[in-house]
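Visitor: Chains Z and S supply the protein sequences, listed in that same order.
If you read the first sequence in UniProt numbering, its first letter stands for residue 1, the second for the next number, and so on.
If you read the second sequence in UniProt numbering, its first letter stands for residue 1, the second for the next number, and so on.
A few of these clues could be false.
As the list claims (entries may be wrong) - Here are the simulated lysine-lysine pairs, DSSO-like style, with alpha carbons at most 27 Å apart:
#, chain 1, residue 1, chain 2, residue 2
1, Z, Lys-110, S, Lys-250
2, S, Lys-114, Z, Lys-147
3, Z, Lys-111, S, Lys-118
4, S, Lys-250, Z, Lys-80
5, S, Lys-308, Z, Lys-147
6, Z, Lys-254, Z, Lys-281
7, Z, Lys-68, Z, Lys-110
8, Z, Lys-91, S, Lys-114
9, S, Lys-302, Z, Lys-147
Derived by calculation from the structure, the hints in this document are not laboratory data.
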Amino acid sequence: MSEEYIIEMRHITKRFPGIVANDDVSIQIRKGEIYALLGENGAGKSTLMSMLFGMYEPDEGEIYVKGKKVHITSPNYATKLNIGMVHQHFKLVSNYTIAENIIMGMEPVKKVLGLFPTVDIKKANEDIRKLSEEYGLEVDPTQVIEKVNVSIRQRVEILKMLYREAEILIFDEPTAVLTPQEIEFLLQIIRNLRDSGKTIILITHKLEEIKQVADRCAILNRGKIVDVLNVAETSTKTMANLMVGREVSFTVDKPPARFGETVLDVQNMTVRNQDNFDVVKNVSFQVHRGEIFAIAGVSGNGQIELADAIAGLMEVASGRVMLNGEDITHMPIRRRTEKGISYIPEDRQEFGLELDFTLRDNLALKSYYKEPFSGRGGVLRPDEFEKYGQKLIEEYDIRSGQGTMTQVRSMSGGNQQKAIVGREIELQSDLMIFVQPTRGLDIGAIENIHKQIIAERNKGKAILLISLELDEIMNCADTIGVIYNGAIDKIAPAETLTMNQVGEFMMGVKSK
Amino acid sequence: MSRIIIDGLSFALPLFIMAIGGIYSERSGVTNLAIEGLQGFGAFVGALFVVLTSGTQGTDSQVIFYFAFLFAMIGGMVYSLLHALLCVKFKANQVISGVVINILAMALTAFLTKQVNKSVFNQPSDKFQLGVSSRFTVPVLSDIPVVGAVFTNVYPFEVIIIVVAVIAWFVLYRSRYGLHLRACGDNPHAVDAAGRNVGKIRTVAIMVSGALSGIGGMCFAYSISAQFSESIYVGYGYLAIAAMIFGNWKILPTLGACLLFGFARSAGYQIVQVLEKPSSYSDLVMTLPYILTLLLLIFFSKYNRAPKALGEIYDKGKR
Numbered sequence: 001m002s003e004e005y006i007i008e009m010r011h012i013t014k015r016f017p018g019i020v021a022n023d024d025v026s027i028q029i030r031k032g033e034i035y036a037l038l039g040e041n042g043a044g045k046s047t048l049m050s051m052l053f054g055m056y057e058p059d060e061g062e063i064y065v066k067g068k069k070v071h072i073t074s075p076n077y078a079t080k081l082n083i084g085m086v087h088q089h090f091k092l093v094s095n096y097t098i099a100e101n102i103i104m105g106m107e108p109v110k111k112v113l114g115l116f117p118t119v120d121i122k123k124a125n126e127d128i129r130k131l132s133e134e135y136g137l138e139v140d141p142t143q144v145i146e147k148v149n150v151s152i153r154q155r156v157e158i159l160k161m162l163y164r165e166a167e168i169l170i171f172d173e174p175t176a177v178l179t180p181q182e183i184e185f186l187l188q189i190i191r192n193l194r195d196s197g198k199t200i201i202l203i204t205h206k207l208e209e210i211k212q213v214a215d216r217c218a219i220l221n222r223g224k225i226v227d228v229l230n231v232a233e234t235s236t237k238t239m240a241n242l243m244v245g246r247e248v249s250f251t252v253d254k255p256p257a258r259f260g261e262t263v264l265d266v267q268n269m270t271v272r273n274q275d276n277f278d279v280v281k282n283v284s285f286q287v288h289r290g291e292i293f294a295i296a297g298v299s300g301n302g303q304i305e306l307a308d309a310i311a312g313l314m315e316v317a318s319g320r321v322m323l324n325g326e327d328i329t330h331m332p333i334r335r336r337t338e339k340g341i342s343y344i345p346e347d348r349q350e351f352g353l354e355l356d357f358t359l360r361d362n363l364a365l366k367s368y369y370k371e372p373f374s375g376r377g378g379v380l381r382p383d384e385f386e387k388y389g390q391k392l393i394e395e396y397d398i399r400s401g402q403g404t405m406t407q408v409r410s411m412s413g414g415n416q417q418k419a420i421v422g423r424e425i426e427l428q429s430d431l432m433i434f435v436q437p438t439r440g441l442d443i444g445a446i447e448n449i450h451k452q453i454i455a456e457r458n459k460g461k462a463i464l465l466i467s468l469e470l471d472e473i474m475n476c477a478d479t480i481g482v483i484y485n486g487a488i489d490k491i492a493p494a495e496t497l498t499m500n501q502v503g504e505f506m507m508g509v510k511s512k
Numbered sequence: 001m002s003r004i005i006i007d008g009l010s011f012a013l014p015l016f017i018m019a020i021g022g023i024y025s026e027r028s029g030v031t032n033l034a035i036e037g038l039q040g041f042g043a044f045v046g047a048l049f050v051v052l053t054s055g056t057q058g059t060d061s062q063v064i065f066y067f068a069f070l071f072a073m074i075g076g077m078v079y080s081l082l083h084a085l086l087c088v089k090f091k092a093n094q095v096i097s098g099v100v101i102n103i104l105a106m107a108l109t110a111f112l113t114k115q116v117n118k119s120v121f122n123q124p125s126d127k128f129q130l131g132v133s134s135r136f137t138v139p140v141l142s143d144i145p146v147v148g149a150v151f152t153n154v155y156p157f158e159v160i161i162i163v164v165a166v167i168a169w170f171v172l173y174r175s176r177y178g179l180h181l182r183a184c185g186d187n188p189h190a191v192d193a194a195g196r197n198v199g200k201i202r203t204v205a206i207m208v209s210g211a212l213s214g215i216g217g218m219c220f221a222y223s224i225s226a227q228f229s230e231s232i233y234v235g236y237g238y239l240a241i242a243a244m245i246f247g248n249w250k251i252l253p254t255l256g257a258c259l260l261f262g263f264a265r266s267a268g269y270q271i272v273q274v275l276e277k278p279s280s281y282s283d284l285v286m287t288l289p290y291i292l293t294l295l296l297l298i299f300f301s302k303y304n305r306a307p308k309a310l311g312e313i314y315d316k317g318k319r
């Protein structure tokens, strides 16, 4: 047993019903390095780290921490071993202050009247202010969690680990929820943490991040380690190919656009949210056949509400929405679907899927009431569901534990997304609305979805693409509209804009 | 006027202590509709202690009076374990569990009351006679105009309630346990990640709820009812839940809601008496707190913010 490695996982195998998540995986991590785990969705990165953090126990294999063999049976025990983890879904109490969240479970105590033990919140605030300054994670400990943004919440999660004196910090897809500036900041923090002697494990599928911060990188594919590389000596291209297991192209082939007649015509649309606040302000634009109209914008500028209003999930306060020349402003959602709208919503778990249903039921969710799924008298035909499910699983490469009968909840995020995309494209609607279609997906899957979007456009569909990823917009769009503060001030052909210009409009720096 | 205050307080405070119990349970994330049953069962155990130690004719002994409250607390607490077992251990639906516990309490205590009366006292009776608790008046303070009524004809249990309420407030908002408890009601996963046992925290919270409900039930048995019988189940437990909701699951605003209910009720009685209406009108007055509840529901519902994880079954694996 060499002392050189702070963590060693040897021959780890973990099986879940119908799937081998980790297959004889061995990794060795040195003290004070940034070690990245790269892999597609469902490649087994999170599972591997969950075992290190005590959320699961491996079926086979051994874990050594600081040279000692350990059985990590609970996150509590992992914490005792100075292992900390920032999960993809934050575990924070929304109505507590930052300080209260961090100290929970390890509160400083003082006695009132020398008798009654109370939580010493003053000391906590001070401790946390000091701690956050020490690592350059500026937070105000007295702020309440629900009032601060995602990036601050993430800092709170990091501080939670540091407060518990973690030396080995695991980050599970930490940048998935952040804007480009916030990502920069986080990567800097990760570097600082390494420089102060911490060991970092970074789970990600974003190659640039690895290139920027990681020292070494293990690549997983379908539960197996493919290779362990020194990042400095490896190109992103090589990493991408290893991760996907085949050649990947970063740019998409796109024949020149041929616009047809107008499909979607939004006229002076205004949308209000629950608080009666205008979130979409007097927006007008058209999307034609054979056009990808992309809406760029920083998260929270009204783009989600815009899409929801066109799809019928939100009420239009004023203005009109026309589809193929017909007014659909106040049409019920199913009729809109039948008139020709496909919708891939941003929140796939809330609006896109019925998580406790099987995969095949979810795939037929928008057409179950029609032939051939439903016979006369409304009796459902399970064999038709099955046939259709099989077909889509194959066409869209949806991976799951038990095929058509898999409960969707148990599928990985990427495969859930593939299921929605498949279902919506199969509707063959004239208008397809894609909101963040590749959020949380790895490059292999992103490439696929982009190809599918462009194929649909080439078939003469009108595509409305809403994305927070500028790369995606620049890659796919024929026309770009930039939304800022609920208004679309800039609409221009994609080739006339550079990425920087779009970025400036997104920040509201430029107008018109 | 002073009657309104005196009667209002003696009704509002037992309501308040039950509502605090509800706050404990619900802020920990467990829906508690069982307060009605818990207060009834608590009162039953307290009353049982009284009749077993001093016979069926009631007593003036102060020692027995205080022990009655202790036993009511224990009774409520033990009975609440049923709710904890169902909701925490077996992850049952919390609404159903609460309702079932209420119905069960009513049937069970009625049955046991009759059995005890028959076998111990040889009397076919469905109630335990307790009498009304003695009251006291604080000298000097009670002479202050209007406010003096607060210190006049006070039931000893009102003092108990205020002491317990202060402790309950302190524990909920200032202690480590309180911090963990309130976190359980918002995001139990965070508590788990902090290395605390969500199930344990919730079980204790439900037990506190049972104990405090027991106090409330015993108060009613010693004042309004003057006995333990099925008449203890007239819906005060539900009223406490309503007060808790109007109070937005916070202790001080809940006190306000309870006082409102209490004074509405006592004022109604006074009006009936002043107008010299027949006694059937006092039945109408009994409905006042409930009508008030309906009205308040209309206006306050939109400002309400229930604990986020309320009623959610905590499952470690689920994300």
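Visitor: Confirm or reject each hint.
Guide: Hints versus structure:
| no. | hint | result |
| --- | --- | --- |
| 1 | Z:Lys-110 / S:Lys-250 | holds, 24 Å |
| 2 | S:Lys-114 / Z:Lys-147 | violated, 57 Å |
| 3 | Z:Lys-111 / S:Lys-118 | violated, 53 Å |
| 4 | S:Lys-250 / Z:Lys-80 | violated, 36 Å |
| 5 | S:Lys-308 / Z:Lys-147 | holds, 15 Å |
| 6 | Z:Lys-254 / Z:Lys-281 | violated, 33 Å |
| 7 | Z:Lys-68 / Z:Lys-110 | violated, 37 Å |
| 8 | Z:Lys-91 / S:Lys-114 | violated, 52 Å |
| 9 | S:Lys-302 / Z:Lys-147 | holds, 20 Å |
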